[in-house]
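Engineer: These protein sequence lines map, in sequence, to chains A and B. Here the first sequence is numbered in this note's numbering, starting from 63 and rising by one per residue. Here the second sequence is numbered in this note's numbering, starting from 2 and rising by one per residue.
Treat the hints with care, as some may be off.
Reference excerpt, derived from the structure (chain B facing chain A, CB under 8 Å, subset only) [as the list claims (entries may be wrong)]:
#1 I8
#2 E9
#3 V24
#4 V31
#5 E32
#6 Q34
#7 F41
#8 S45
#9 V108
#10 I113
#11 V144
#12 N145
#13 I151
#14 K155
Just so you have them, the derived chain B footprint on chain A, three or more residues with Cβ under 8 Å [stated by the list, open to error]:
#15 71-84
#16 94-108
Which residues of chain A face chain B? A few of them, derived with a C-beta cut under 8 Å, are [claimed, not checked]:
#17 T87
#18 L91
#19 L270
Keep in mind the hints are simulated off the structure, nothing from the lab. Quick caveat, the model's predicted, so the values are computed rather than measured. From the three backbone atoms N, C-alpha and C, an ideal C-beta is built for every residue, glycine too.
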Amino acid sequence: MTSLEERLRETFDGITLPSEVKESTLAFLHEEQIKAQAEQQSKQAERVVDIARPQHLQADARRAPDSPSQRDEASITASRKTKSFPRRMAWALAACLILGVFGFGGFQAYATETAIVGIEVNPSIELGVNRFDIVVDARALNDDGQKVLDEIAIIGHPYEEALLTIAGNETFLVYVGSDSYVDVNVACDDESQVSKLIRQTDAGMASLPCEHSCHQVSADLQEEAAAAGMGVSRYQAAQELLELDDSLTIEDCHSMSMRELRDRIAALDPASEYASTSEHGHGTGQGQGSGMHGRQGQRGPNHS
Amino acid sequence: MRAAEDIENTIDTHGDTVWRVCVLYFKQSVEAQDAFQETFLKYSLRDDSFRDEDHRRAWLIRVTVNTCKDMLKAAHRKNLVFEEGSSELLSSTIDFEGQPESSLRDVLEAMIGLSDPPRTPVYLALYEGYTAPEIADMLDASVNTVYSWIARGKQQLKEALK
Numbered sequence: 063m064t065s066l067e068e069r070l071r072e073t074f075d076g077i078t079l080p081s082e083v084k085e086s087t088l089a090f091l092h093e094e095q096i097k098a099q100a101e102q103q104s105k106q107a108e109r110v111v112d113i114a115r116p117q118h119l120q121a122d123a124r125r126a127p128d129s130p131s132q133r134d135e136a137s138i139t140a141s142r143k144t145k146s147f148p149r150r151m152a153w154a155l156a157a158c159l160i161l162g163v164f165g166f167g168g169f170q171a172y173a174t175e176t177a178i179v180g181i182e183v184n185p186s187i188e189l190g191v192n193r194f195d196i197v198v199d200a201r202a203l204n205d206d207g208q209k210v211l212d213e214i215a216i217i218g219h220p221y222e223e224a225l226l227t228i229a230g231n232e233t234f235l236v237y238v239g240s241d242s243y244v245d246v247n248v249a250c251d252d253e254s255q256v257s258k259l260i261r262q263t264d265a266g267m268a269s270l271p272c273e274h275s276c277h278q279v280s281a282d283l284q285e286e287a288a289a290a291g292m293g294v295s296r297y298q299a300a301q302e303l304l305e306l307d308d309s310l311t312i313e314d315c316h317s318m319s320m321r322e323l324r325d326r327i328a329a330l331d332p333a334s335e336y337a338s339t340s341e342h343g344h345g346t347g348q349g350q351g352s353g354m355h356g357r358q359g360q361r362g363p364n365h366s
Numbered sequence: 002m003r004a005a006e007d008i009e010n011t012i013d014t015h016g017d018t019v020w021r022v023c024v025l026y027f028k029q030s031v032e033a034q035d036a037f038q039e040t041f042l043k044y045s046l047r048d049d050s051f052r053d054e055d056h057r058r059a060w061l062i063r064v065t066v067n068t069c070k071d072m073l074k075a076a077h078r079k080n081l082v083f084e085e086g087s088s089e090l091l092s093s094t095i096d097f098e099g100q101p102e103s104s105l106r107d108v109l110e111a112m113i114g115l116s117d118p119p120r121t122p123v124y125l126a127l128y129e130g131y132t133a134p135e136i137a138d139m140l141d142a143s144v145n146t147v148y149s150w151i152a153r154g155k156q157q158l159k160e161a162l163k
C-alpha cells in the first residue's frame with residue numbers, strides 16, 4: 063500500500079456514521095412506510111379503474127436491476143407508477159406483512175411509542191414519542207388540531223423541536239392568546255422520560271403568552287379519554303364539569319376550549335383546582351415525584 | 002418496501018460506507034444527511050434481492066454517488082449554494098484518535114477539493130479497493146477512462162498534499 067493509500071485509509075477509517083443520522087434515517091423511513099401503506103390502500107380502492115386502463119399504460123417499465131446505464135431514481139419512479147394489478151396486490155399484502163413484523167429488532171424501538179403527550183388548548187393534538195424522545199406519530203383529536211397538523215412536519219423530529227414547531231405555528235397561535243390555557247399531559251411508564259418530557263414542555267411553552275401546565279397521567283386514563291374521543295386534559299375537565307352541571311353533555315365539552323372548561327368549573331366550584339390562579343405567566347416549572355405540577359394527583363373517575 | 006429488520010441490518014453493515022461517500026460530496030452535514038436518507042429510501046424500495054453482500058455494497062455505493070450527483074445538479078439548476086453550515090455533525094463523524102488531526106483533515110479537504118471525476122474513482126480505487134473494471138461498471142464509464150481518472154486523481158492529490 064502506498065503512502066497516499068495509507069493516508070486515505072487513515073482518514074476515511076475515522077469517518078463513521080453518526081448515531082443521530084442513523085436514528086433520524088430510521089424514523090424517516092418509518093414515516094415513508096406509513097405513507098406507502100396509505101398509498102397501497104388508496105390504490106386498492108382504485109384497482110377497477112386501473113384494470114380498465116389501456117394496456118400500454120400498464121406495462122411494467124422496470125429495467126434490469128444491474129444495468130450500469132440504469133438511473134436508480136428513474137427506475138424506482140417508473141416502477142412505482144406502472145405496477146400491474148397482481149403486483150400491486152402483492153405489494154399490499156407485503157405492506158401488511160411488513161407492518162405485522164414491525165416487532166423486529168431495533169426498528170420497532172423507533173416505531174414504538176413509549177409516551178403519549180396530549181397538547182390541548184382548543185386544538186387538541188396527541189404526539190406519540192418513542193424512547194429516544196423522537197415524535198413517531200401525531201394525531202389530531204379535533205378539527206382545529208388537524209388544521210395545525212396539516213401545516214407542520216414533526217414526525218421524525220425530536221420532541222423538543224416538535225414542540226417549538228407547534229408553538230410557532232400561526233394557526234396554533236391564533237388559539238393561544240393571553241387568556242388561553244394550554245394543558246399538556248404525559249402518559250408514560252418511564253419516570254425519567256416523563257421528567258424529561260415535562261422539562262422540555264415547560265421550555266417549549268415558555269414563549270407562549272398564556273398559562274400552561276404539564277403533568278403526568280396514567281395510561282388507563284389516557285385510554286378512557288381516547289375512548290371518549292378526547293385528550294386527557296379535556297376528558298378530566300369534562301368529567302368534573304359534568305358532575306357540577308348536569309345540563310351539559312359530553313358533546314358540549316368537546317367544543318369548549320380548555321380555558322372555557324376551567325372557567326366554568328371555577329365558577330361552579332371555586333374550591334376546585336381549576337380555579338387556581340397560581341399559574342400566571344408561563345407555566346409552573348418542573349414536575350416532582352410522579353411528575354405532577356400545577357395539579358395534584360391523578361384525576362379521573364377513580365380519583366379519591 | 003423491504004422489511005424493517007433488513008433495512009436496519011443494512012444500515013448497521015454498510016452505513017459507514019454510504020456515509021463516507023456522502024461526506025466525500027458534501028462538506029455540509031445537512032446535505033450529507035439528506036443524501037444518506039435518500040439512498041436508504043431507494044434501498045427500502047428496491048424489490049430485487051442481491052447476489053451477496055458485495056453486490057449489495059456496490060449497489061449502495063452506486064446509488065449514493067448518483068444521489069449526491071443529482072442533488073448537486075438540482076442545486077446548480079436552482080443556483081443554490083450549499084451554505085457552510087454547522088460543522089458540529091461533521092466533526093463528530095470523524096475520529097482521528099491517535100493521529101495528527103490536521104494532517105488527516107488535510108487529506109479529506111484535498112479529496113473534497115478534487116473535481117469529480119476523478120474524486121469518486123480515486124476514492125473507490127484507493128480506499129474501497131475496487132478495480133478499474135468494477136469502477137467502470139459502477140460509474141457507467143469505459144475502463145480506459147477510469148484508469149485515466151485514477152492516474153490523474155492520484156497526481157492531483159499528491160500535488161495538493163505536498
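Engineer: Kindly indicate which numbered hints from before are broken by the structure, ordering the numbers from low to high.
Structural biologist: As far as the earlier hints go, 4, 5, 10, 11, 12, 13, 19 are violated by this structure, in ascending order.
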